[in-house]
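Taken in order, these protein sequences are the chains called A, B, C and D. Position 129 (the first sequence) corresponds to 129 in the working numbering; numbering is contiguous. Position 89 (the second sequence) corresponds to 89 in the working numbering; numbering is contiguous. Position 36 (the third sequence) corresponds to 36 in the working numbering; numbering is contiguous. Position 62 (the fourth sequence) corresponds to 62 in the working numbering; numbering is contiguous.
Hints are supplied without guarantee of correctness; some may be wrong.
To be verified - Taking lysine-lysine pairs in the DSSO-like style, the calculated list, with each CA pair at most 27 Å apart, reads:
{"#": "1", "chain 1": "A", "residue 1": "56", "chain 2": "A", "residue 2": "143"}
{"#": "2", "chain 1": "A", "residue 1": "56", "chain 2": "A", "residue 2": "122"}
{"#": "3", "chain 1": "B", "residue 1": "122", "chain 2": "C", "residue 2": "35"}
{"#": "4", "chain 1": "B", "residue 1": "122", "chain 2": "B", "residue 2": "56"}
{"#": "5", "chain 1": "A", "residue 1": "143", "chain 2": "D", "residue 2": "35"}
{"#": "6", "chain 1": "B", "residue 1": "143", "chain 2": "A", "residue 2": "143"}
{"#": "7", "chain 1": "B", "residue 1": "143", "chain 2": "B", "residue 2": "56"}
Keep in mind that the hints were calculated from the coordinates and are not lab data.
So the chains spell out like this:
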Amino acid sequence: MIRVQQDPFDPGAELNAFSAAVAGAGAVVSFSGLVRDVAGGLRAMEIEHYPGMTEKALAEIRDQAVARWALAEALVIHRHGRLEPGEVIMMVATAARHRADAFAAAEFLMDYLKSRAPFWKKEETGDGSDWVAARDADEDALKRW
Amino acid sequence: MIRVQQDPFDPGAELNAFSAAVAGAGAVVSFSGLVRDVAGGLRAMEIEHYPGMTEKALAEIRDQAVARWALAEALVIHRHGRLEPGEVIMMVATAARHRADAFAAAEFLMDYLKSRAPFWKKEETGDGSDWVAARDADEDALKRW
Amino acid sequence: MQVLYFAWVRERIGVPREEVQTQAATVAELVEELKTREERYAAAFADISALRVALDQDLSEFTDSLEGVREVAFFPPMTGG
Amino acid sequence: MQVLYFAWVRERIGVPREEVQTQAATVAELVEELKTREERYAAAFADISALRVALDQDLSEFTDSLEGVREVAFFPPMTGG
Numbered sequence: 001m002i003r004v005q006q007d008p009f010d011p012g013a014e015l016n017a018f019s020a021a022v023a024g025a026g027a028v029v030s031f032s033g034l035v036r037d038v039a040g041g042l043r044a045m046e047i048e049h050y051p052g053m054t055e056k057a058l059a060e061i062r063d064q065a066v067a068r069w070a071l072a073e074a075l076v077i078h079r080h081g082r083l084e085p086g087e088v089i090m091m092v093a094t095a096a097r098h099r100a101d102a103f104a105a106a107e108f109l110m111d112y113l114k115s116r117a118p119f120w121k122k123e124e125t126g127d128g129s130d131w132v133a134a135r136d137a138d139e140d141a142l143k144r145w
Numbered sequence: 001m002i003r004v005q006q007d008p009f010d011p012g013a014e015l016n017a018f019s020a021a022v023a024g025a026g027a028v029v030s031f032s033g034l035v036r037d038v039a040g041g042l043r044a045m046e047i048e049h050y051p052g053m054t055e056k057a058l059a060e061i062r063d064q065a066v067a068r069w070a071l072a073e074a075l076v077i078h079r080h081g082r083l084e085p086g087e088v089i090m091m092v093a094t095a096a097r098h099r100a101d102a103f104a105a106a107e108f109l110m111d112y113l114k115s116r117a118p119f120w121k122k123e124e125t126g127d128g129s130d131w132v133a134a135r136d137a138d139e140d141a142l143k144r145w
Numbered sequence: 001m002q003v004l005y006f007a008w009v010r011e012r013i014g015v016p017r018e019e020v021q022t023q024a025a026t027v028a029e030l031v032e033e034l035k036t037r038e039e040r041y042a043a044a045f046a047d048i049s050a051l052r053v054a055l056d057q058d059l060s061e062f063t064d065s066l067e068g069v070r071e072v073a074f075f076p077p078m079t080g081g
Numbered sequence: 001m002q003v004l005y006f007a008w009v010r011e012r013i014g015v016p017r018e019e020v021q022t023q024a025a026t027v028a029e030l031v032e033e034l035k036t037r038e039e040r041y042a043a044a045f046a047d048i049s050a051l052r053v054a055l056d057q058d059l060s061e062f063t064d065s066l067e068g069v070r071e072v073a074f075f076p077p078m079t080g081g
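In isolation and in its complexed conformation, chain A is listed as follows (with noise of 0.2 Å):
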């Protein structure tokens, strides 16, 4: 499952629905990743994203991560627009029948995403707004898969 939406959701309530879905599965991983301050004090952060692409990449590193660890499910959610520091940007869950499958395919989809999926932040501070460098250590992530 892929969603792209500008609209907040609530991860609890997804991990809950996610959860009751797969309930043959033993081990369910989630992943959110939300608005955090950065020096300066975040006033709001701006996600920019390709439509059309961002929905096939996610569906494509999806598809792999389900093939790859046999998982039962996988969900991925992200946000694009306006976003205010605490909100939540996006979520993963994967559901598997042993933790190390569930894990592994967690972060196999998070790194994917990082580095693979459409979106571009832009952090508006105090000082000016200005679009996040992507980490190497983001890039590097890539190659233990």
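Once you have looked at the hints, place chains B, C and D on chain A.
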């Protein structure tokens, strides 16, 4: 935060409360373990624990994780008593600035909790009831930390 | 000292805890002493490698000393999570 | 073909998308062509190593052919998640 309890809990509500309390951290990882069905049809799972030692062992494991990965916070909730298929047995949640720390700490917590916290599961099926055997893979998982 | 049993160890011995008077210096000596008492203890402690022990609620070794220990617990490998 | 720009590439060029008529055979040739048009393109494409390209919504290389391609998108490295 450590909670050992007989009563059911709502993992989604716990995740939301946890995330709200660690708003500064950008990354939140959760794991939930559910009672899954087994061959022969699981009627119920009985979880025995060692009151006193359980809380102590979980607090030690949590403190180790917080120190090792500089977590903003870590949560462990584990139920005992009688559970039905599909019910949530336990959850852990971790919050950190970067996702790699949150993921590693959650896996560490799960690995130690599986083999070092005094809980024992008994499965009741149509054929009778039996204690769940410890898996070698779970003991081996500790070696990586 | 208080001796506690959990999971199938508890089921084999038939009680969850009991007060034991002993001069045993180590856990291993205590186990040997209990095994001579009754068949149910011999059955529960037949394979020590399948058991774990906690002294005053800390995971410990069968070779550890019982000096000053108030609570000994025997149980199979844990299966939480 | 449609050419799309995202994030700071969009800001430098000043439009999110435009129709471009070109004979360029590869992405690299298209970039060189755009750079000669106006200063804002030269500024946006000054450092190709800081950019990514997608052809018909698939991540691609600057050496890739434009044959049959309907949509080209230029953008900085992604920062989702």
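Checked hints:
Restraint check: the Cα-Cα separation between residue 56 of chain A and residue 143 of chain A comes to about 22 Å, which is no more than 27 Å; the hinted pair holds. A threshold of 27 Å between alpha carbons decides the hint, and for residue 56 of chain A with residue 122 of chain A the separation of about 23 Å falls inside it, so the pair holds. Restraint check for residue 122 of chain B and residue 35 of chain C: satisfied, since their Cα atoms lie roughly 25 Å apart, inside the 27 Å limit. With a CA separation close to 23 Å, the supplied pair residue 122 of chain B and residue 56 of chain B stays within the 27 Å bound.
This hinted pair does not check out: residue 143 of chain A and residue 35 of chain D have alpha carbons roughly 33 Å apart, beyond 27 Å. Proposed proximity of residue 143 of chain B and residue 143 of chain A is supported: the alpha carbons are some 23 Å apart, at most 27 Å. At roughly 22 Å between alpha-carbon atoms, residue 143 of chain B and residue 56 of chain B fall within 27 Å of each other, so this suggested pair holds.
Hint 5 from the list above is the single one not met by this structure.
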